[in-house]
Amino acid sequence: MSELRFEALNHAELTNVSASFTAGTQVVIGSERDGTGTLIQLAAGLLRPATGSVLLDGVAAWSNAAARRRIASLCADESLLPARDVSGAIRLSLRARGDASSALSVLDAAGLAHFAARRVSQLSARESRAIALCIALSHREPALLALHEPLSVVGLVAQDFVLQTLSRVAAAGAVVLCTENRLEDAARLSERASALERGLWLGSAQARPALGAVTLRVHTLEPRRLAARLSEAPDISGVEWTGGHELLVHGSELERLAYSVVANARAEAIRITALKQDAPPLEALAAARAGLAQACYEQARSAGTATRPS
Amino acid sequence: MNGVGIGLALARERLQSASALLVLALSLAGLFAIGVLERQSDAASAPDDALRGAVFGIALPLLVYLVSERACEGQRLDRSVDAVARYGSDRRAALLGVLLASALCSALVSALLTIAALLGAHAPSAPSLLADLRASVGIALLAGVVYALYFGASSLLGKRGGGRKWALIVDFVLGAGASALAAPWPRGHLRNLLGGDPVVELSQANAWFALGAIGLACLLLSALRTPE
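Each protein sequence line maps, in turn, to chains X and Z.
Going by our numbering, the residue at position 65 of the first sequence is 1086; the numbering climbs one at a time, nothing skipped.
Going by our numbering, the residue at position 154 of the second sequence is 162; the numbering climbs one at a time, nothing skipped.
No wet-lab data here; the hints were simulated from the structure.
It is possible that some hints are incorrect.
Unchecked claim - Simulated restraints, written as ranges between beta carbons of each label pair:
| # | chain 1 | residue 1 | chain 2 | residue 2 | range |
| --- | --- | --- | --- | --- | --- |
| 1 | X | R1054 | Z | L45 | 35 to 43 Å |
| 2 | Z | N10 | X | L1125 | 44 to 52 Å |
| 3 | X | E1028 | Z | A26 | 32 to 40 Å |
| 4 | Z | G170 | X | G1194 | 42 to 50 Å |
| 5 | X | S1122 | Z | A41 | 48 to 56 Å |
| 6 | X | S1122 | Z | Q24 | 22 to 30 Å |
| 7 | X | E1028 | Z | K173 | 32 to 40 Å |
| 8 | Z | L228 | X | S1084 | 14 to 22 Å |
| 9 | Z | S27 | X | N1202 | 32 to 40 Å |
| 10 | X | R1054 | Z | L30 | 40 to 48 Å |
What the hints assert, rightly or not - Here are some of the chain X residues that sit facing chain Z, going by a computed Cβ distance under 7 Å:
| # | residue |
| --- | --- |
| 11 | R1026 |
| 12 | A1071 |
| 13 | S1074 |
| 14 | L1076 |
| 15 | G1079 |
| 16 | V1080 |
| 17 | A1104 |
| 18 | R1112 |
| 19 | A1117 |
| 20 | S1122 |
| 21 | K1297 |
Claimed, not checked - Covered stretches of chain X, going by a simulated chain Z footprint (3 or more residues, C-beta under 8 Å):
| # | region |
| --- | --- |
| 22 | 1061-1069 |
| 23 | 1123-1129 |
| 24 | 1134-1142 |
Quick reminder that beta carbons are idealized off the backbone N, C-alpha and C, glycines included.
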């Protein structure tokens, strides 16, 4: 059983990422701008972290060739090794991995045998990624598969082949870490999901509470009386008196919250001098966005489960 | 050992191209023509002038620079092997393979440049041609290897191996002198071996030794500054 750990990782977009993954498939939702591409490169030992560490079974893959040999990866931008044709590039990759398989068998397994004689320079970026995915999925005993948006090449490579291979590898005790930008693709890949939002790491538990948390700042000359009235109102989840003439009123929906505050103040003939939404901190905004992504993801997943034939 | 072989194969693939052959062919033709012109100007000193000026002074460092640039794919030497390191190759071993390919290719190119210039500078039936070839080709082979290691090590500096460019400039500028400032660079010692002014009064035997030391230092520096 393998384990991948990010410890206080800072690199390019990524800010203080700490997370650990055990055997199984895990998906990280986010775009390249959020740092998913960098995360995969760091996990695969292709980049040295600026600070912090990335450990596969306690070893930093960046500086350990044996650890890298147990990793197969697919990056955001792929270019095959220099060679006259695709099969030559794959042959060199397999040789570097110490794998005796033939290039043709690797391509054939993914249904890409027709690429064997193509010149490397004539491949499109998507075709290069498809072949890089083939090479990654052909690893016999990986401890880690680090894949950036593996389902984006579906069409060139069969989706069933990708999903079945990932399941088999995960069942054998490897960590399969995928990043996905599209929620429906994330739902196909795994039940376990986290999110990256502009470099901030958001585990699913962390992302949820931020969903729907809205706060209003209410200025009034009678804060204690208004607080007493609002504490009993059904649309209000909490009231804080900050001292002075200001109340912080929490709820789940901005419009209903504001309406409730105004209605209760009018009923008690309390004058409100100012009412404005409390700007949440950036982390909370990021968490809320990731929480929405998580909710959509789960919705897509449950819809997929419901329609799947038994 | 497998890592060295992988690095060698990687560099060989990078160095194979029609444009590289074209540049080599044009350089050989140009140096042959310079040799002929030197011979028409002064037949006695033509071989020395062609070798010290056009071959070892300009063409050889420039072409080896291009070979090194191409073998590293225009990147830092240590990053140039990332493409195979991701599959589990030892970076250090792969880097030695890249340097080996670069050094062998540079030595071959240097020898060919020298031969082309000497064939132009000597009359076809000149009795000294063979002796000159024997002596100069040995120096050219060493020059190719040392320059390849020198450019390789210097490409460890800079985000995209920009140190390689500075190494070329420094060798041109500081290596042209004969003071202690010229001692760390290959140019002055090669000039000494070709019969020119020695660097800090070193003998020709010591110039061989100095070039070997520069090459070895560059090789060690490259290996030590690269992680596994």
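Hints versus structure:
1. Judged by the Cβ atoms, the range 35 to 43 Å given for X:R1054 and Z:L45 is violated: they are separated by roughly 60 Å.
2. The hinted window of 44 to 52 Å between Z:N10 and X:L1125 is violated, with their beta carbons roughly 22 Å apart.
3. The hinted window of 32 to 40 Å between X:E1028 and Z:A26 is violated, with their beta carbons roughly 49 Å apart.
4. Taking the beta carbon of each, Z:G170 and X:G1194 are about 44 Å apart, inside 42 to 50 Å as hinted.
5. Checking the proposed 48 to 56 Å range against X:S1122 and Z:A41 shows it holds: the Cβ atoms sit about 52 Å from each other.
6. Taking the beta carbon of each, X:S1122 and Z:Q24 are about 25 Å apart, inside 22 to 30 Å as hinted.
7. In this structure the supplied range 32 to 40 Å holds for X:E1028 paired with Z:K173, their Cβ-Cβ distance being about 38 Å.
8. Against the hinted window of 14 to 22 Å, the Cβ-Cβ separation of Z:L228 and X:S1084 comes to about 19 Å, which satisfies the hint.
9. The given range of 32 to 40 Å is respected by Z:S27 and X:N1202, whose C-beta atoms sit roughly 38 Å from each other.
10. Between X:R1054 and Z:L30 the beta carbons are some 42 Å apart, a value that agrees with the proposed interval 40 to 48 Å.
11. For the restraint placing X:R1026 at the interface with chain Z, the shortest Cβ-Cβ distance is roughly 20 Å, beyond the 7 Å limit, so the hint is violated.
12. Taking 7 Å as the C-beta contact cut-off toward chain Z, the hint placing X:A1071 at the interface is violated, the least distance being around 14 Å.
13. Nearest Cβ of chain Z to the Cβ of X:S1074: about 14 Å, over the 7 Å cut. The hint is violated.
14. At its closest, the beta carbon of X:L1076 sits 15 Å from a beta carbon of chain Z; the interface hint therefore is violated under the 7 Å criterion.
15. Hint on X:G1079 is violated. Least Cβ distance to chain Z is approximately 16 Å, over the 7 Å limit.
16. Because the closest C-beta pair between X:V1080 and chain Z is about 11 Å apart, greater than 7 Å, the hint is violated.
17. Nearest Cβ of chain Z to the Cβ of X:A1104: about 6 Å, under the 7 Å cut. The hint holds.
18. Annotation: X:R1112 was flagged as interfacial toward chain Z, and the flag is violated, the nearest CB pair being 9 Å apart, outside 7 Å.
19. Given hint, X:A1117 at the interface with chain Z, holds; its Cβ is 4 Å from that chain's nearest Cβ, closer than 7 Å.
20. A least Cβ separation of about 13 Å between X:S1122 and chain Z goes past the 7 Å threshold, and the interface hint is therefore violated.
21. Nearest Cβ of chain Z to the Cβ of X:K1297: about 47 Å, over the 7 Å cut. The hint is violated.
22. Counting residues of the region 1061-1069 of chain X whose beta carbon lies closer than 8 Å to any beta carbon of chain Z gives 4, which meets the minimum of three for the stated coverage.
23. Under a criterion of three residues with beta carbons nearer than 8 Å to beta carbons of chain Z, the stated coverage of the region 1123-1129 of chain X fails, only 0 such residues being counted.
24. With 0 residues carrying a beta carbon less than 8 Å from a beta carbon of chain Z, the region 1134-1142 of chain X misses the three-residue requirement, and the given coverage is violated.
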